[in-house]
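Number of protein chains: 2
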Amino acid sequence: MSEGRRITVVAGGVGAAKFLRGLLDVYPNKLVTALVNVADDFCLHGLAISPDLDTVTYTLSGQVNPDTGWGRVEETWRVKDELERLGGQTWFNLGDLDLALHLYRTQRLNEGATLTQVTLEICNTLGIEARLLPASNQEIRTQLKVQGQGWIDFQDYFVAQQHSVAVQDLRFEGIGSAAPGPEVISSLQESDAIIIAPSNPFVSVRPVLEISGITDVLKQRKEKVVAISPIVGGAALKGPASRMLEELGFERNSVGIASLYKDVAGTLVIDEVDLELSQRVEAEGIRPLVTDTIMDTPIRAAALARAVLAEFSLNEEEQQ
Amino acid sequence: MSEGRRITVVAGGVGAAKFLRGLLDVYPNKLVTALVNVADDFCLHGLAISPDLDTVTYTLSGQVNPDTGWGRVEETWRVKDELERLGGQTWFNLGDLDLALHLYRTQRLNEGATLTQVTLEICNTLGIEARLLPASNQEIRTQLKVQGQGWIDFQDYFVAQQHSVAVQDLRFEGIGSAAPGPEVISSLQESDAIIIAPSNPFVSVRPVLEISGITDVLKQRKEKVVAISPIVGGAALKGPASRMLEELGFERNSVGIASLYKDVAGTLVIDEVDLELSQRVEAEGIRPLVTDTIMDTPIRAAALARAVLAEFSLNEEEQQ
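Keeping their order, the protein sequence lines are chains A and B. So the first sequence is numbered by our numbering: it starts at 1 and just counts up by one. So the second sequence is numbered by our numbering: it starts at 321 and just counts up by one.
Only chain A is shown next, with the shape it has when bound in the complex (with noise of 0.2 Å):
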């Protein structure tokens, strides 16, 4: 990688894409990793989907749908219409453009390669010139227990069924024997600052930190370590980061984000409606930084990257 001081970011999907997006307007490309959760990943209709992957991709390369945070923009659903005439399963709302990169992956790791190739191969081709690093390339897949159901799959309660049912419980199969990918560890141990994106911590960074070797760098490393909360006023800006924390016995609030990191992160970032908290959130042994930490638009989310870079006085390395 190039000299200079590098940055690792723990991510999953639509937040952690923003906050990329916002990180890399304003610092050397090339000095950004992102470590990305690979637990929502699937098999559908043969095709290997990478939904936090593809988020990151499709927002990093500008072609990601502004609307919804995820799939492409210019998106078209001829492949979806006429499956459904046929009575296959459309729940997953695969368009034609997104397709296409799933077809590019799953025969590339038919082919003998792995996901940390497949998708450096990826973010050559769409000019991407951030590290994306598969968190893992073994699977790793989240299910999650919900109230009358029992274990689903983690696509199921996300997408099937809109993050609507209580989650009672999770877990993440094959985590016990997943490796960190290639550049994983060493990416985190040779990083000047490592964020954890704004992303659910359940679902999203629990799948990440839970891979053999990780939490103990980041333990290591605690002082070099910015989390940003993902939840503003008590609501996650999108998905079920919220009442998942209630209903896995956490307070809905960054406190009880304070609570999930405080052994892996030195500081939390926490948004300016919850300056009251700031107290509370240091009480649980985590150092608040408080600001502006909504990305409804490129020059917010930016903002929000200038104010964690100045925690580690990083803001020198701005890229003109």
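To be clear, the hints were calculated from the coordinates, so they are not data collected in a lab. All of these numbers come straight from a predicted model, not from anything done at the bench. Glycine is no exception: its CB is placed at the ideal position from the N, C-alpha and C atoms. Hints may contain errors.
Stated by the list, open to error - Some, not all, of what chain A presents toward chain B, calculated at C-beta under 10 Å:
1) Val79
2) Asp81
3) Arg85
4) His102
5) Ser278
Once you've looked at the hints, dock chain B against the given chain A.
Below, chain B alone, put in the same frame as chain A:
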């Protein structure tokens, strides 16, 4: 199946599909079974692709591209264009509508359905009343030994290299352990007529006939079997059948076809332009039936079907 005299057609791709279309225009559809070659099937991008089944399906449901005889009419290429941009493999020309069928089939196979079941589901959805049976539910893969390249896969030869290389030998991987699909043998045993469609004898018909038990039934019922020569005046109407005859040591005309089918068929339909060959066909031990075999319109395909039905005195079954 319905009451009445049944017909079974041994089928490859385009030629068989056109003949079946003509037959179904003049005969009760529920009395017709097509045993379709599966040795062209392959996996690309993780998808289970069955080119011959699809060509027959698209033709019989009125969805085939009339310009090519395969693929879908009103096809679009949104996924393929994007896959090309990503550097993926696009040599097989997967259209958007076509892809939907592959997604459906692959998902159902992954769920544990057999190819026979999936084919039946698709026919039901598309309103095809004839019965399409995959020749086998086990994997059979045609490979060709071609000059200078050794053994290559069928689709590499046929699509990627546009059958432009000389074939030295053929093999069907897996055929030794492949069982006939459900109802394949009984369909042959219980039919009043068995028709070998004007398909490539080497790569479409042979990998059906070589499946355990099939040739035995045909030999036993030889007088009920009519083969239609795919060669007209020394040339195949489509594809490499003609040059393969020569490359593999047979006469490049309907006499060559007669020598291939003489043990399994009592009659060989040859084209009017090959009238002069009829004595030589007969000398091979197979009864020649001379008629117009060119199926460039549905009317001519129906006329060919009628000529074959007349051979079995089946014309009185014609539907109104």
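For the hint on arginine 85(A), does the least C-beta distance to chain B fall short of 10 Å?
8 Å, holds
Measuring from the C-beta of valine 79(A) to each C-beta in chain B, is the shortest one below 10 Å?
Result: holds, 5 Å to nearest chain B Cβ.
Per-residue hint verdict: histidine 102(A), partner chain B, C-beta under 10 Å:
8 Å, holds
Does serine 278(A) meet its interface restraint, that is, does its C-beta lie within less than 10 Å of any C-beta in chain B?
46 Å, violated
Restraint outcome when aspartate 81(A) is required to lie within 10 Å of chain B by C-beta distance:
8 Å, holds
Of the numbered hints given earlier, the model fails hint 5 alone.
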